[in-house]
Amino acid sequence: MVTQSITGIESAVDDVSRLAARGVTVGYGARTVIDDLDVAIPPGVITTIIGPNGCGKSTLLRTLSRLLKPTKGTVVLDGDDIVKLKTRDVAKKLGLLPQAPVAPDGLTVADLVTRGRHPHQSWLRQWSSDDAGVVERALAMTGVSDLADRPVDTLSGGQRQRVWISMTLAQGTDLLLLDEPTTYLDLAHAIDVLDLVNDLHESGCTVVMVLHDLNLATRYSDNLIVMREGSILAQGHPRDVITAELLDDAFGLRAKVIDDPVGDRPLIVPIGRTHVQLG
Amino acid sequence: MSGADVKPNGADVKPALAPGVRLGQVSFVWRPWIASVTFLLAAATFLVFCVSIAVGDFPLGLSQVIATILGRGEQVDEFVIMDLRMPRALAGLVVGIALGVSGAITQSIARNPLASPDILGITWGASAVAVFGVTVSGGTAAAVVHSVGLSAAALAGGLCTGLLVYFLAWRRGIDGFRLILIGISVSAVMEAITTWLLATADIRDVAQAQAWLVGSLDNRSWDEVHVALWGTLALLVVVSCIAFQFKPLHLGDDVAAGLGVRYSAVRAVLLLCAVLLAGVAVSAAGPVPFVALVAPQMAMRLARCPTPPMVASGMVGAVLLIGSDLVARTALPVSLPVGVVTAAIGGPFLVYLLVRANRR
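The listed protein sequences derive, respectively, from chains W and Z. Residue numbers 1 to 279, in full-length UniProt numbering, belong to the letters of the first sequence in order. Residue numbers 1 to 360, in full-length UniProt numbering, belong to the letters of the second sequence in order.
To be clear, the hints were calculated from the coordinates, so they are not data collected in a lab. Since we're looking at a predicted model, the values are computed, not measured. Errors might be hidden in some of the hints.
[Claimed, not checked] Below 30 angstroms or equal to it, Euclidean Cα-Cα: the simulated BS3-like pairs (lysine-lysine) are:
1. W:Lys84 - W:Lys69
2. Z:Lys247 - W:Lys256
3. Z:Lys247 - W:Lys84
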């Protein structure tokens with residue numbers, strides 16, 4: 001597999017995935033959500049987990065990011081069992097943006113993004129010129145440098161999400177896990193945020209995200225993981241995975257899959273009960 | 001839409017980051033406003049501390065007070081200052097700092113300005129045990145309270161109530177709002193127990209218990225002050241060691257975990273410190289109301305921080321408490337307990353907070 005690194009030089013990346021789940025079983029209390037699941041995240045691409053509500057897609061992302069501890073099986077990060085690593089060391093390799101995070105009122109953009117440096121800091125060394133450089137680059141990459149002095153709560157939803165992604169970038173990892181980064185955003189802002197995610201991918205990041213919108217997931221991912229009832233139904237490139245049969249299987253959705261008139265991916269056209277003229 | 005003005009390669013736009021400061025191995029972010037507010041608050045704390053010592057039946061000049069504190073005073077002044085007035089002022093200082101820091105911690109953890117130790121049950125738990133100790137003389141429990149002393153028993157009562165609230169509010173994590181609701185409920189129970197104890201007690205004991213309940217710095221001895229002072233100092237050391245790990249918790253549990261913080265452990269240790277600080281304060285001066293609620297909020301507004309700043313909160317707490325004590329002693333012909341004055345300041349401030357929150 002070939003991917004572009006941060007320096008812009010094409011480099012070969014071995015096929016060993018950096019993040020993988022091996023036989024994981026996860027649940028909340030007595031309720032098992034995911035049972036004996038195996039998955040490997042391919043490096044250097046955008047992987048998106050999709051599936052109907054309650055299928056365990058967020059649970060899988062939270063498990064991959066060590067927020068949830070599997071009752072059985074392991075999550076492997078760069079060859080190590082993630083629960084055996086220090087959570088601080090994991091934070092230096094894996095950036096995580098949870099769903100709909102909330103910043104305290106009045107916290108400025110610069111302050112929030114600065115906090116992304118936490119894993120690299122210590123009680124004595126709370127700030128360095130390295131930190132300043134990384135934070136400045138993270139602000140610039142996400143296009144929020146001009147907003148640095150603004151309180152986060154005064155921004156629009158789309159800007160706010162950019163700022164949170166900027167904080168995750170400031171963590172300095174090339175592995176990003178985003179849990180529904182477009183929640184509560186209108187379509188224009190959702191596209192804006194996903195374009196940004198694609199920029200990050202092109203600068204060398206491996207991205208894993210959960211998305212609700214199937215067409216956005218199809219447009220922006222190189223690898224789709226389709227889940228149903230806690231297990232993986234299909235995985236692969238959207239062109240190979242997205243079919244009318246799969247949509248019916250996974251979501252119980254009757255849909256027509258056509259060629260995207262503006263993209264090189266399939267486009268899902270749902271068929272409801274009304275307003276449809278089938279020829 | 002916001003994408004139109006995005007400059008992906010806008011590295012030439014220098015964002016306004018706070019400058020860093022480096023002193024040998026130590027480096028931190030330099031925030032001039034917060035630093036100057038903290039410095040001014042430290043000066044204000046020292047000033048009210050000295051004024052508090054200077055004012056009394058035998059008035060002293062500020063210069064005499066400062067000279068004596070620095071160990072260069074005259075013998076007569078030294079007796080009045082060090083033996084008679086210093087314990088009271090020092091108790092005010094320590095209790096004020098403990099309450100301020102305790103409130104800053106609980107408000108930060110609950111992400112809610114109402115979450116002060118007063119509301120989380122700690123104060124009333126300590127009070128119930130103390131009133132029990134004053135009004136009940138028979139039985140094993142009373143014997144235990146009497147043998148460990150009222151202060152230690154009150155501390156234990158506050159600690160147990162705080163832990164009870166924490167465990168009752170725990171449901172796969174701590175939610176600020178649930179913490180407050182459970183705290184209010186448990187406080188109400190403790191208050192009811194206190195009232196019941198007072199209603200059934202001997203009238204002479206009731207007067208003594210009432211005096212304790214209103215919160216006061218009267219008649220502090222060096223022994224009592226020593227316990228509070230060292231207890232508070234030890235707790236502040238723990239708090240300052242862990243405060244750095246606490247910063248990401250303002251962004252929520254999941255974000256904190258993503259940033260490599262073991263948030264449950266950090267929060268549990270800090271909450272325990274907050275409970276103990278409040279307990280030490282209550283056992284030294286009684287349940288002085290509202291300081292722990294008001295001080296962090298005032299410090300936040302002064303320092304223009306989005307979250308309660310710990311150091312500034314402690315200092316505002318000290319200024320508030322010593323200042324209130326000064327007013328209580330001098331404003332009226334009769335000397336009032338300090339709790340009356342802090343309630344008079346804190347009540348309106350709480351109303352102000354609620355009104356502002358409603359209008360948002």
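Next on the checklist: Need the list of violated hint numbers for this structure, in ascending order.
Outcome noted: 2
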